[in-house]
Amino acid sequence: MEEKLREELIKLFESKLSKPMQMYLETCSRCGICTPACHAYASMPQAKYTPAYRAEVVRRIFKKYFKLQGKIAPALGAAKVLDENTLDELYEAAYSCTGCRRCMVYCPFGIDTQQIMSIAKLLLIGANAEPELLTMLADVSVSKGEGIEDMKESFMQGLKRLEDQVLEKWKMEAGEMEAGETPIPIDVEGADLLYVALAGAHSIIPAAAVFNAAGEKWTLSFFEAVNFGAFVGDPTKTKLILDRIVNEANRLKVKEVCICECGTAFRVMKQMSGSQPFEVSSITDVHAKYIREGKIKLDKSKLNLPVTYHDPCQIARNGGVIDAPRYVLQQLGADYRELSADPKYNWCCGGGGGLVAMGDETHDFRMKSAKVKADQVQQTEAKILATACENCHAQLSDISKHYNMDVEVKYLSSMVADALIQ
Amino acid sequence: MSDEINVDKVMDLKGMPCPMPIVKVSKGIKDVEVGQVIQAISTDPGSLTDFPAWARTSGNEILKTEQTEEEFVFYIKRTA
Amino acid sequence: MDTIYYLVLVPMIYLAFFVFSVGTIIRLINIWRKPKFPTTLQIYPEKKPSWLWTLFDTFLLNSARRHNPVLWFFLMVFHFCFLLLIIGHLELIKDFRILQIIEHEIFLGKGFIGLILSISLIFFLFRRFVSPTKDLSVPEDYYLLILLFLAVIFGSEMDWARTLYGYEEMGVEDYRGYLMSLFLLKPDISFVDAPGHSFMLVLHVFFANLFLMFFPFSKIIHSFLSLPLNKLRRG
Ligand code: SF4
Ligand code: SF4
Numbered sequence: 001m002e003e004k005l006r007e008e009l010i011k012l013f014e015s016k017l018s019k020p021m022q023m024y025l026e027t028c029s030r031c032g033i034c035t036p037a038c039h040a041y042a043s044m045p046q047a048k049y050t051p052a053y054r055a056e057v058v059r060r061i062f063k064k065y066f067k068l069q070g071k072i073a074p075a076l077g078a079a080k081v082l083d084e085n086t087l088d089e090l091y092e093a094a095y096s097c098t099g100c101r102r103c104m105v106y107c108p109f110g111i112d113t114q115q116i117m118s119i120a121k122l123l124l125i126g127a128n129a130e131p132e133l134l135t136m137l138a139d140v141s142v143s144k145g146e147g148i149e150d151m152k153e154s155f156m157q158g159l160k161r162l163e164d165q166v167l168e169k170w171k172m173e174a175g176e177m178e179a180g181e182t183p184i185p186i187d188v189e190g191a192d193l194l195y196v197a198l199a200g201a202h203s204i205i206p207a208a209a210v211f212n213a214a215g216e217k218w219t220l221s222f223f224e225a226v227n228f229g230a231f232v233g234d235p236t237k238t239k240l241i242l243d244r245i246v247n248e249a250n251r252l253k254v255k256e257v258c259i260c261e262c263g264t265a266f267r268v269m270k271q272m273s274g275s276q277p278f279e280v281s282s283i284t285d286v287h288a289k290y291i292r293e294g295k296i297k298l299d300k301s302k303l304n305l306p307v308t309y310h311d312p313c314q315i316a317r318n319g320g321v322i323d324a325p326r327y328v329l330q331q332l333g334a335d336y337r338e339l340s341a342d343p344k345y346n347w348c349c350g351g352g353g354g355l356v357a358m359g360d361e362t363h364d365f366r367m368k369s370a371k372v373k374a375d376q377v378q379q380t381e382a383k384i385l386a387t388a389c390e391n392c393h394a395q396l397s398d399i400s401k402h403y404n405m406d407v408e409v410k411y412l413s414s415m416v417a418d419a420l421i422q
Numbered sequence: 001m002s003d004e005i006n007v008d009k010v011m012d013l014k015g016m017p018c019p020m021p022i023v024k025v026s027k028g029i030k031d032v033e034v035g036q037v038i039q040a041i042s043t044d045p046g047s048l049t050d051f052p053a054w055a056r057t058s059g060n061e062i063l064k065t066e067q068t069e070e071e072f073v074f075y076i077k078r079t080a
Numbered sequence: 001m002d003t004i005y006y007l008v009l010v011p012m013i014y015l016a017f018f019v020f021s022v023g024t025i026i027r028l029i030n031i032w033r034k035p036k037f038p039t040t041l042q043i044y045p046e047k048k049p050s051w052l053w054t055l056f057d058t059f060l061l062n063s064a065r066r067h068n069p070v071l072w073f074f075l076m077v078f079h080f081c082f083l084l085l086i087i088g089h090l091e092l093i094k095d096f097r098i099l100q101i102i103e104h105e106i107f108l109g110k111g112f113i114g115l116i117l118s119i120s121l122i123f124f125l126f127r128r129f130v131s132p133t134k135d136l137s138v139p140e141d142y143y144l145l146i147l148l149f150l151a152v153i154f155g156s157e158m159d160w161a162r163t164l165y166g167y168e169e170m171g172v173e174d175y176r177g178y179l180m181s182l183f184l185l186k187p188d189i190s191f192v193d194a195p196g197h198s199f200m201l202v203l204h205v206f207f208a209n210l211f212l213m214f215f216p217f218s219k220i221i222h223s224f225l226s227l228p229l230n231k232l233r234r235g
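Residue numbers (my numbering), protein chains in the order written: chain A, 1 to 422; chain B, 1 to 80; chain C, 1 to 235.
Treat the hints as calculated values from the structure; they're not laboratory data.
All residues carry an ideal CB built from backbone N, CA and C; glycine is no exception.
One should not assume that every hint holds.
[Said to hold, decoys possible] Partner residues are not named here, just some residues of chain B that face chain A (Cβ under 8 Å, in silico):
id, residue
1, Val23
2, Glu71
3, Val73
[As the list claims (entries may be wrong)] Covered by chain C, per the in silico footprint, the following chain A stretches (three or more residues, Cβ under 8 Å):
id, region
4, 59 to 72
5, 133 to 143
6, 298 to 304
7, 309 to 320
8, 365 to 377
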């Protein structure tokens, strides 16, 4: 590795050293209590899949360049020079970690391995060694935002085609629709709620039906919620993708920004948008609120199979939305079974951190590392596996195929839309 | 479907949710030579914005977009 | 020989305390000068009041208890005994009324505390020779444990030896004289240079000094960082 590149990478490293990060890097006592916490290790017991080992890959570089110990006596802490070899190790560590933060619950100090892996991801970007695909997706996403004016036309056209399908789920009487109102309103200034969806029909149609049923004054965002910048760990792109939604919300003067079923999008929006004049909520929260306030009524007789719910890590353990999905499922009349007695110990689906978006490339690892997840689901004997995250949904569907599981993976929001009583 | 455009590879992306269509196409385009054309068919409305954005960042060119009742058809020329 | 005794018992102690305190303070200041993290790092569901749970997590090692009860037992015993030893050493300098709230003889524990510590240390050390903890460990981890073990073993031996052989010459008052003289910057080792017994003191002090000097450069800094880190997790 050239000296110049190395210096740049060390600067990147330094840019990540916030107070908590510095403490995370200084503290680990390598006690190994976190070892059984990681689904990758639990499914494939190899040292490289333990949280502390992963973190140590980054920590060794930290010791080498930022700590006196590593400078005086590098052997003591096994400090490591940053070179091609180390980059490979960083890649392996970072892209076998889904950032679920289950290990953080185990650690006596609460060390956040996801944060430490974000250094690894940034270094990989700096060295041009990150997964190309994720950068491509992040770039496309950024570019879509920049070219929004040119694309508005085709975006609206695409939406028009979905309207019938929305109406199929929830008929809007002509009288109910005020002038200019459509089944999928967009760009409405003064709406109460801005819904940020994914660029796909499954994320828009059911949500629209429920909003309309609840009589919500809502408007659909031009932008997609998912933040590929966060997956690849690029702070600049993460911020770009986040900021344009924030700007749109402020331009339309909405009171609430509701994020679709996407874990990363929700956590980034909720925790990184700073203090804003609007609230950030997950679509599950919003649905629970509608039911509680009697704004929508659900048919309780539709679900006659046992149901379980997978808490998406970024929404539950890391985002705090835990009671709402349980309430919704209860209101759907579900024969509900918990995956894990305490939701903060739920196993990760194994698809986070950009692994699902990387598709076939990671398929083998995703399936092997999700063994414990598959077992956990099967133990409940549930036939319907609900979840509230696109990533988890894709991964869980892959798992159920791979392990021949007899479950149907469903979006919670679709289940609500399907049970609407006119 | 198209008289004037000579298609070298057809990619069926029907039923795939976003962003899988552009993921597949970004891989698939490496299988054709510069100057050749891919016809990509998707059903997800998100593709309408995804494809132009992808083309711009990757430096490829979308020759034409067609919409039928159910499908979106993109003609993409590899230029990079 | 006398020179070595003197070097260990006087200049090295000063050096060790200097390195320990200055090193630790610099390291902590370094951390505190880093920029704040812009958002929360909390784990949900949250329990209120979070500061109370933070104390609970930090001092009772709640997550260790849940996920590795055997290790937790030794960790608790170890840390508690370590605390007692710190108190014991303070009392070797002078009487602290407040430390005698629960009355005890000085030096407390009759050497049993040291024994318990040694056993825990051996347990910690053996763990590190077995996978998967072995795969995580770096040389620092072993050295620290060995250093501590040596310091503790010779420390408690001093007490044991006294009871076994009926040494009268080096007791609490002698240590007080010696430590006070160090404290007042008028070092006098004549209190503790009794032949036959003082070599244990010298070895004890020697290893303890090494440990102290290692402290600011090692992971033992967790003794200061555990509380703020646990607070981050509790929100
Ligand atoms: S964050 Fe999750 S995937 Fe990553 S090391 Fe911790 S438990 Fe494993
Ligand atoms: S539990 Fe915490 S301190 Fe122990 S090895 Fe894991 S990350 Fe390090």
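Status of each hint after checking the structure:
| no. | hint | verdict |
| --- | --- | --- |
| 1 | Val23 | holds (6 Å) |
| 2 | Glu71 | violated (11 Å) |
| 3 | Val73 | violated (13 Å) |
| 4 | 59 to 72 | holds (count 4) |
| 5 | 133 to 143 | violated (count 0) |
| 6 | 298 to 304 | violated (count 0) |
| 7 | 309 to 320 | holds (count 5) |
| 8 | 365 to 377 | violated (count 0) |
Of the hints listed earlier, those the structure fails to meet are numbers 2, 3, 5, 6 and 8, in rising order.
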